[in-house]
Amino acid sequence: GNSVTQMEGPVTLSEEAFLTINCTYTATGYPSLFWYVQYPGEGLQLLLKATKADDKGSNKGFEATYRKETTSFHLEKGSVQVSDSAVYFCALSPNTDKLIFGTGTRLQVFP
Amino acid sequence: DAGVIQSPRHEVTEMGQEVTLRCKPISGHNSLFWYRQTMMRGLELLIYFNNNVPIDDSGMPEDRFSAKMPNASFSTLKIQPSEPRDSAVYFCASRIQGPNQPQHFGDGTRLSIL
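Same order as they appear, the protein sequences are chains A and B.
Using the numbering used here, count along the first sequence one by one with no gaps and you end on 111.
Using the numbering used here, count along the second sequence one by one with no gaps and you end on 225.
Everything labelled a hint here was simulated from the structure, so no lab data went into it.
The model shown is predicted, which means the values in this text are computed figures rather than measured ones.
Among the hints, a few may not be true.
Unchecked claim - With beta-carbon atoms standing in for the labels, derived distance ranges:
{"id": "1", "chain 1": "B", "residue 1": "S169", "chain 2": "A", "residue 2": "N95", "range": "38 to 48 Å"}
{"id": "2", "chain 1": "B", "residue 1": "N163", "chain 2": "A", "residue 2": "V82", "range": "35 to 45 Å"}
{"id": "3", "chain 1": "A", "residue 1": "V82", "chain 2": "B", "residue 2": "P192", "range": "37 to 47 Å"}
{"id": "4", "chain 1": "A", "residue 1": "S79", "chain 2": "B", "residue 2": "A183", "range": "41 to 51 Å"}
Unchecked claim - For lysine-lysine, the following DSSO-like pairs were computed, each having C-alpha atoms within a straight-line distance of at most 27 Å:
{"id": "5", "chain 1": "A", "residue 1": "K98", "chain 2": "B", "residue 2": "K189"}
{"id": "6", "chain 1": "B", "residue 1": "K189", "chain 2": "A", "residue 2": "K68"}
{"id": "7", "chain 1": "B", "residue 1": "K179", "chain 2": "B", "residue 2": "K189"}
{"id": "8", "chain 1": "B", "residue 1": "K189", "chain 2": "B", "residue 2": "K135"}
{"id": "9", "chain 1": "A", "residue 1": "K98", "chain 2": "B", "residue 2": "K135"}
{"id": "10", "chain 1": "A", "residue 1": "K56", "chain 2": "A", "residue 2": "K68"}
By construction, the Cβ of each residue, glycine as well, lies at the ideal position given by its N, Cα and C atoms.
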């Protein structure tokens, strides 16, 4: 079946540190991959997406590369800010209407 | 641009009461999703519609839950009777149906059943 596995949180970093949040997936076929971010008290917002192998999605300094050989879509940012503190969700769409979400990873950035 | 609009933002009511949550999708979007989020179970898909027609309601927990989409710009999720274990944040999301199209979420309704 289709599933997404994310690293357990919370991830705690100092401002300007490098961020990696790991995401691996299991899917049949060629799914699209997404990262969503949820700030406190808000809904999920699309952060970036990639639709085929070797695509790199990027937005607001965040990047993720669709790696079919390792079935991964790790989220990275070179220098985090306090305002990046949120919960990050990796998700896949197996070319159906539904999204399959990971459990979310909480990021806490301290000044 | 207006995003997905949900109302109310917060609802507190006593068990046994009927609760109605409302959602207005983004104009032009023809797929609509209802989710529930709790600490214990994370994000769960309850039901989704394409072109106002329910496609998959396998996530609806019990017969106490029902959802309707009478037209392209409005949907409701109803719980009757409500129970304390229904307390959660309920999200509505919409998208343009098609490959690689992302879902866009509202800010949710925080529901507390006393």
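field: Hints breached by this structure
entry: 1, 6
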